[in-house]
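Novice: My request is simple: use the sequences and hints to build the entire structure.
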Amino acid sequence: MSELRELYQELILDHTKRPRNFGTLEPATCTAQGFNPLCGDELTLYLVLEDGLVRDVRFQGRGCAISTASASLMTEAIKGKTADDVAALFRRFQKAVTSPVDSEVNLVELGKLAALAGVREFPLRVKCAVLAWHTLRAALEGHHEPVTTE
Amino acid sequence: MSRLDVERVRKDFPVLERNVNGKLLAYLDNAATSQKPRAVIDALTQYYSRYNANIHRGVHTLSEEATTAYEAARARVQDFIGAASAREIVFVRGTTEAINLVAQSYVRPRIREGDEILISHMEHHSNIVPWQLIREQTGAVLKVAPINERGELELEEFTRLLGPRTRFVALAHVSNALGTINPAQELVRLAHEHGAPVLLDGAQAVPHLAVDVQELGCDFYAFSSHKMYGPTGIGALYGRSELLEEMEPYQGGGEMILAVSFEKTTYNRVPYRFEAGTPNIAGAIGLGAAIDYLVGLDLESVEAHENEVLKYATRELSKVPHVRLIGTAAEKTGVLSFVLGEIHAHDVGTVLDQEGIAVRTGHHCAQPVMDRFGVTATARASFGVYNTPEEVDRLVAGLHRALEIFS
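As given, the protein sequences belong to chains L and X, one line each in that order. The C-terminal position of the first sequence is numbered 149 in numbering that gives the first Met the number 0, with every residue numbered one higher than the one before it. The C-terminal position of the second sequence is numbered 406 in numbering that gives the first Met the number 0, with every residue numbered one higher than the one before it.
Keep in mind that the hints were calculated from the coordinates and are not lab data. Quantities reported herein were computed from a predicted structural model and do not represent experimental measurements. Cβ atoms here follow ideal geometry from the backbone N, Cα and C, with glycine treated the same way. Check each hint, because a few of them may be wrong.
[As the list claims (entries may be wrong)] Pairwise CB distance ranges (calculated):
id : chain 1 : residue 1 : chain 2 : residue 2 : range
1  : X       : THR158    : L       : THR28     : 48 to 56 Å
2  : X       : ARG188    : L       : ARG4      : 41 to 49 Å
3  : X       : SER317    : L       : ARG4      : 25 to 33 Å
4  : X       : SER317    : L       : ARG61     : 23 to 31 Å
5  : X       : VAL14     : L       : ARG91     : 36 to 44 Å
6  : L       : GLU9      : X       : SER317    : 26 to 34 Å
7  : L       : ASP101    : X       : GLY295    : 44 to 52 Å
8  : L       : GLY110    : X       : GLN131    : 42 to 50 Å
9  : X       : GLU156    : L       : GLU120    : 43 to 51 Å
10 : X       : ARG111    : L       : GLU75     : 23 to 31 Å
Specialist: What follows is the structure, given as structure tokens:
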């Protein structure tokens with residue numbers, strides 16, 4: 000049961016119930032859509048990029064606790080960062096949620112995103128945690144096709 | 000009718016002894032696929048270890064034994080659903096393939112632009128998308144009969160949608176997402192009054208109800224083996240022989256032919272005409288064993304038992320705060336779809352899985368049903384022959400646990 004408590008810890012539940020940066024952004028310099036066809040989760044990301052920096056970001060959609068909290072935490076984490084910093088953070092985050100349960104993960108460099116590291120214990124939920132990030136990458140790379148987890 | 004001895008039934012299913020996350024498995028995902036009794040597993044093992052051979056060819060002993068077993072399985076399917084002849088039973092991969100076969104081989108050549116196909120709002124994607132393909136291929140129109148708040152077909156609207164241009168009607172016998180049992184016999188009668196043949200999607204019906212296709216009066220009936228305790232990758236299409244006889248082949252290949260030259264090919268007779276290539280021989284034999292098993296339990300007893308579990312579960316889940324049941328039809332099989340307050344179905348599913356309880360979460364391949372009830376996903380508990388009220392109690396405890404975590 001401790002794994003469940005770790006998965007659904009307070010910070011996650013707080014972001015699920017009160018997602019930050021929730022809503023649309025107009026005008027946005029880039030947007031992208033993400034879907035998880037297995038559970039019907041959907042997410043639209045709006046970004047304002049200026050001088051290579053993420054000036055503003057918002058998201059909209061419907062999803063489970065993990066995907067909503069992950070999107071919310073992500074928007075907080077990437078504001079003010081360069082595209083390169085964002086890409087590096089994505090790599091660190093992806094590693095944290097997909098690496099074997101018994102391996103060491105550097106949680107310090109993840110900041111608040113470390114709250115999602117408990118997803119490692121639930122392989123079926125990793126897709127929920129990374130949906131927002133894949134959508135973000137599509138937005139930054141200017142892809143027009145919606146992103147799907149499948 | 001004798002009372003089902005559930006404890007004895009449970010012993011027939013090896014997987015039910017398994018622990019999941021340290022708890023005894025409570026398998027409540029039968030509408031997705033059912034578990035397999037030892038009799039079915041043994042039938043597959045027997046085939047592969049004793050008489051594996053290709054069928055309808057070769058004069059050697061193994062080939063003859065395999066052919067006999069395969070055709071005996073066809074005869075069991077015939078008996079099981081009350082078909083007039085074994086020739087009316089086509090082995091397919093499952094319900095999905097059966098519906099696609101009818102769509103392409105029966106409906107497509109007979110439908111013109113502006114003609115109508117009537118389905119309902121409670122269909123599984125597999126009884127929607129094949130008709131959308133026909134719409135794209137022919138310019139036919141797809142009409143959808145609505146359902147009410149309880150998840151029952153609106154009979155008056157259904158009747159109103161039957162018209163002079165209705166060429167075909169395809170309906171779920173039982174809804175996979177809601178559990179609703181449609182008044183199939185009545186619906187077939189109404190469609191026939193308008194001259195429209197009817198296909199019934201029986202995937203969710205055959206594991207739970209005694210089905211007699213002649214009594215139902217339907218023209219086609221499709222079902223899968225894996226939802227009725229048989230192997231995956233095999234199912235059956237029943238078609239009235241007059242209709243099967245006039246249908247074009249579905250796929251070309253071996254088995255479905257009598258003679259082939261580069262100038263001309265003579266097709267085999269029904270049902271082999273629709274079974275191109277080496278079929279799923281083991282699967283068909285396994286399906287036969289599953290039918291024997293289910294019939295051996297007595298379908299009336301099965302229905303009564305599952306009804307009891309459903310009633311108990313409906314009552315107990317209704318007492319859980321914030322539970323909203325989706326699908327409350329008067330006539331239902333053991334399917335209980337629900338949402339738990341604002342908690343997403345996926346999160347409910349994860350909490351239950353930690354308790355060893357398997358339920359389905361998501362849109363159940365019935366997104367129009369989800370839209371109808373204004374949800375994106377539900378959790379769904381669906382019951383089979385081996386489920387017990389104690390497992391329902393564990394489900395209820397698991398839901399309280401989810402509420403506690405997300406409070």
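Novice: None of the hints should be skipped; say for each whether it holds.
Specialist: Going down the list of hints, with the structure as the test:
no. : hint                                : result
1   : THR158(X) <-> THR28(L): 48 to 56 Å  : holds (54 Å)
2   : ARG188(X) <-> ARG4(L): 41 to 49 Å   : violated (57 Å)
3   : SER317(X) <-> ARG4(L): 25 to 33 Å   : holds (28 Å)
4   : SER317(X) <-> ARG61(L): 23 to 31 Å  : holds (25 Å)
5   : VAL14(X) <-> ARG91(L): 36 to 44 Å   : holds (40 Å)
6   : GLU9(L) <-> SER317(X): 26 to 34 Å   : holds (31 Å)
7   : ASP101(L) <-> GLY295(X): 44 to 52 Å : holds (48 Å)
8   : GLY110(L) <-> GLN131(X): 42 to 50 Å : holds (47 Å)
9   : GLU156(X) <-> GLU120(L): 43 to 51 Å : holds (48 Å)
10  : ARG111(X) <-> GLU75(L): 23 to 31 Å  : violated (58 Å)
When held up to the earlier numbered hints, the structure conflicts with 2 and 10 and fits the remainder.
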